[in-house]
Amino acid sequence: MNIDIDHLTRKFGRTQAVAGVDLQVGPGVFGLLGPNGAGKTSLLRMMATVLQPSSGSLQLLGRDPASYSQRREIRRRLGYLPQNLGYYPGFTVVEFVEYFALLKEMLPAQIPAAVAVAVDRVELGERANSKLRTLSGGMLRRVGIAQAIVNDPELLLLDEPTAGLDPEQRVQFRTVLRELGEMATVVVSTHLVEDVGAACTEVALMDRGLIVFRGTPDGLRERGVGHSLGDAPLERGYSAVLADGRA
Amino acid sequence: MTSLTLPLRSESARIRPTRRARLLRLELHHSTMIWVLPLLGALFYFDPFRKASGYPPFWFVRSSVILHELVPDFSLFAAGVAAWTGSREGRRQTVDLVTIAARPRWSTALASFAATTIWTLVPFLGCVAVLYGFTATQASWGGPPWWPVAAGAAVLCAFCALGFAAGVLLPGRFTAPLAALVTFLVLIVAFRVVLHESHPTFALLSPMNSVPNGDAGVFFHYFPDLFIVQIMFFAGIAVAVLGGLGLATASGSRIVWRTAVVVTALGLAAACTGVGLAGTARMEANGVVIPAVHDAASDRPIAYTPVCQHAVIPVCVQPAFRAYLPDVVAALNPLIHQFAGLPGAPVRVEQSSSSTTPELSVALSATEIGTLVGASANITGSPPVLHLALPKLPSQPEPPSSQSLSDEQGAFVDAFIGPAGGTLGDPAQAAIEAALLHDAGSLPSPAAETANRFAALAPNVQRAWLLTHLPALRSGDIGLAQIP
Numbered sequence: 001m002n003i004d005i006d007h008l009t010r011k012f013g014r015t016q017a018v019a020g021v022d023l024q025v026g027p028g029v030f031g032l033l034g035p036n037g038a039g040k041t042s043l044l045r046m047m048a049t050v051l052q053p054s055s056g057s058l059q060l061l062g063r064d065p066a067s068y069s070q071r072r073e074i075r076r077r078l079g080y081l082p083q084n085l086g087y088y089p090g091f092t093v094v095e096f097v098e099y100f101a102l103l104k105e106m107l108p109a110q111i112p113a114a115v116a117v118a119v120d121r122v123e124l125g126e127r128a129n130s131k132l133r134t135l136s137g138g139m140l141r142r143v144g145i146a147q148a149i150v151n152d153p154e155l156l157l158l159d160e161p162t163a164g165l166d167p168e169q170r171v172q173f174r175t176v177l178r179e180l181g182e183m184a185t186v187v188v189s190t191h192l193v194e195d196v197g198a199a200c201t202e203v204a205l206m207d208r209g210l211i212v213f214r215g216t217p218d219g220l221r222e223r224g225v226g227h228s229l230g231d232a233p234l235e236r237g238y239s240a241v242l243a244d245g246r247a
Numbered sequence: 001m002t003s004l005t006l007p008l009r010s011e012s013a014r015i016r017p018t019r020r021a022r023l024l025r026l027e028l029h030h031s032t033m034i035w036v037l038p039l040l041g042a043l044f045y046f047d048p049f050r051k052a053s054g055y056p057p058f059w060f061v062r063s064s065v066i067l068h069e070l071v072p073d074f075s076l077f078a079a080g081v082a083a084w085t086g087s088r089e090g091r092r093q094t095v096d097l098v099t100i101a102a103r104p105r106w107s108t109a110l111a112s113f114a115a116t117t118i119w120t121l122v123p124f125l126g127c128v129a130v131l132y133g134f135t136a137t138q139a140s141w142g143g144p145p146w147w148p149v150a151a152g153a154a155v156l157c158a159f160c161a162l163g164f165a166a167g168v169l170l171p172g173r174f175t176a177p178l179a180a181l182v183t184f185l186v187l188i189v190a191f192r193v194v195l196h197e198s199h200p201t202f203a204l205l206s207p208m209n210s211v212p213n214g215d216a217g218v219f220f221h222y223f224p225d226l227f228i229v230q231i232m233f234f235a236g237i238a239v240a241v242l243g244g245l246g247l248a249t250a251s252g253s254r255i256v257w258r259t260a261v262v263v264t265a266l267g268l269a270a271a272c273t274g275v276g277l278a279g280t281a282r283m284e285a286n287g288v289v290i291p292a293v294h295d296a297a298s299d300r301p302i303a304y305t306p307v308c309q310h311a312v313i314p315v316c317v318q319p320a321f322r323a324y325l326p327d328v329v330a331a332l333n334p335l336i337h338q339f340a341g342l343p344g345a346p347v348r349v350e351q352s353s354s355s356t357t358p359e360l361s362v363a364l365s366a367t368e369i370g371t372l373v374g375a376s377a378n379i380t381g382s383p384p385v386l387h388l389a390l391p392k393l394p395s396q397p398e399p400p401s402s403q404s405l406s407d408e409q410g411a412f413v414d415a416f417i418g419p420a421g422g423t424l425g426d427p428a429q430a431a432i433e434a435a436l437l438h439d440a441g442s443l444p445s446p447a448a449e450t451a452n453r454f455a456a457l458a459p460n461v462q463r464a465w466l467l468t469h470l471p472a473l474r475s476g477d478i479g480l481a482q483i484p
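So the sequence lines, in the order shown, correspond to chains A and B.
Quick note: the first sequence uses our numbering, first residue 1, plus one each step.
Quick note: the second sequence uses our numbering, first residue 1, plus one each step.
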């Protein structure tokens, strides 16, 4: 398992953001669904080694992120797209991706080619030398994805990756996700259930800091049979699971 | 997918740059300091350069603007821009991305710091080059002093480090202006006011406290003691602050933490040593002496061959003052003519160091921000030689006919009329001096009337009177009523 989580919790003051999550994830694209405030981002940030858990254990790529040396090894193999992507307006697309390739300690000789591939994958080849301040929100999101995948990560964590992308770009991005999922573990946190249905092999639904559903997108669809809330089968499944959990 | 044709720089280069070099190159390319360079250039021209242009073309006098003007001007911007750069991750919300990178955050931060510091030092050194280049076209002797440049660079590094650390630890839009403001307060208030008044010796550490005399570094080596201690102090602060930044961002790395502890300790040790050494400083005739770092060899006078002009008597100056020699001769000639043949009249004029002239050997306050002190002279030896100090000169030599060297004329008359090794205190001496210099305006009423009366006499009558009464006048045995 590339992700092995055992009763993981995270508190912010009195607020319990993650309230005891158990999760094992192998290669493939894994969707993390849930309403706002369910704890998806906190769980993802713990997986990204940004946050330390309050309790429980977390193993990533067979390593313990609590140990600095192992955490550094994890980080070399990690790609992360935060929900709110910060960027440096004066950098060009290539420079920004190169900057994070350097921070990920990629071999200098590999960096130019890896940057070119990553930028190409997110369809920004023609804007490679544009300053980030001149890009639209959707393009910036793709720059964020490019920096996340530049090191060919074994573990890729994407928080709302399709926010701001137009429908065509979302379809293309799902293709990229599926390609990446063939070689790595990709965790996609999103509230867009159609992304999960199209790209994910597995899905977990979080609510109030807990995982209330774990299965395949088809399994989630089945849970929605007979449930009236929602326009699509996956949405009905999503609503049904949340309603059952809260009941 | 579209095909990508990116300019993959250095791909074909034989020697590929390291990660550190690539990171530094990116940071250098995007440093905010680049945008401030035109402002720094204008500031340099209108403040330090113009001030230096007003000083005589002697290396040490001109170089004093480096620490006095250039470094304070640059420090404000260096601290502000460094704070802005340091706060970048916080302002731009990239902390998560930088934090989860395999590269230690300290290392990443040091690359940003290095770029800002390089962009601060490059224009600083450029301004120094312009200043020294300009001085080289005018100076007739000596070479550029490098200790002030090294001390200035250390000060700038320290303020860059302080500003950068403030930006990293307290990111925000107001961190940069606050850092500049605090730098201003440290330089102006802390050093110049608080420390100057409460601990004057420690105020020596201020970069703005060491203006040399006009002839500093000409007759004697200008002591590097204070510069060495300033470098220790400010470089120590820079290193300690950067080490502290490592401690704050170590995030569990023992190697980073241990390295940061060592770096911090080294920096603190250097800074504390600098403070301790500054406490042992004493002001001597040729500058500030700090015994622990003082090189006795620098106490020896600098050998030189004087440049002389033979008028009535030979008038000789140090080669650095070559351009002023016609001025000096023009100013002294009337007096030399008048005194020729009188008892004790000099047969030669030699320039001496202002610091070895008896009346100036009393040490100036070490922290005095005053500039060039006035002229002085004495007559010693047999045959008598006039030793004249020329510490205060205009920026450019004047035409020989001008009377711009009236201080030197006064010093000559002082030395000739007054008691040996002393100053004029007797009303009769003052009246005769005023009469000879045609300057009775500053004297009280009876002495002024006597001076005007004596000045109205024919030169041969004045000379005859001086010939018979000069010894008595020098010993203070002549009253105002005895002067014709």
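Treat the hints loosely; a few may be bogus.
Unchecked claim - Quick list of simulated restraints, FRET-style, between CB atoms: (1) A:T15 with B:A42: 39 to 45 Å; (2) A:R14 with B:L185: 37 to 43 Å; (3) A:T15 with B:I188: 43 to 49 Å; (4) B:I188 with A:E126: 33 to 39 Å; (5) B:G41 with A:D4: 58 to 64 Å; (6) B:L37 with A:G56: 50 to 56 Å; (7) A:Q52 with B:L185: 37 to 43 Å; (8) B:P291 with A:R133: 53 to 59 Å; (9) B:I255 with A:D6: 42 to 48 Å; (10) B:I255 with A:R133: 42 to 48 Å; (11) A:D4 with B:I188: 56 to 62 Å.
Said to hold, decoys possible - Far from chain B, by Cβ distances over 12 Å, these chain A residues were calculated: (12) D4; (13) P53; (14) S67; (15) T201.
If you are wondering where the hints come from, they were derived from the structure by calculation, not from laboratory data.
Virtual Cβ for every residue (Gly too), placed ideally from N, Cα, C.
Hint check:
| no. | hint | result |
| --- | --- | --- |
| 1 | A:T15 with B:A42: 39 to 45 Å | 53 Å, violated |
| 2 | A:R14 with B:L185: 37 to 43 Å | 41 Å, holds |
| 3 | A:T15 with B:I188: 43 to 49 Å | 47 Å, holds |
| 4 | B:I188 with A:E126: 33 to 39 Å | 53 Å, violated |
| 5 | B:G41 with A:D4: 58 to 64 Å | 59 Å, holds |
| 6 | B:L37 with A:G56: 50 to 56 Å | 52 Å, holds |
| 7 | A:Q52 with B:L185: 37 to 43 Å | 39 Å, holds |
| 8 | B:P291 with A:R133: 53 to 59 Å | 57 Å, holds |
| 9 | B:I255 with A:D6: 42 to 48 Å | 29 Å, violated |
| 10 | B:I255 with A:R133: 42 to 48 Å | 37 Å, violated |
| 11 | A:D4 with B:I188: 56 to 62 Å | 59 Å, holds |
| 12 | D4 | 19 Å, holds |
| 13 | P53 | 14 Å, holds |
| 14 | S67 | 8 Å, violated |
| 15 | T201 | 23 Å, holds |
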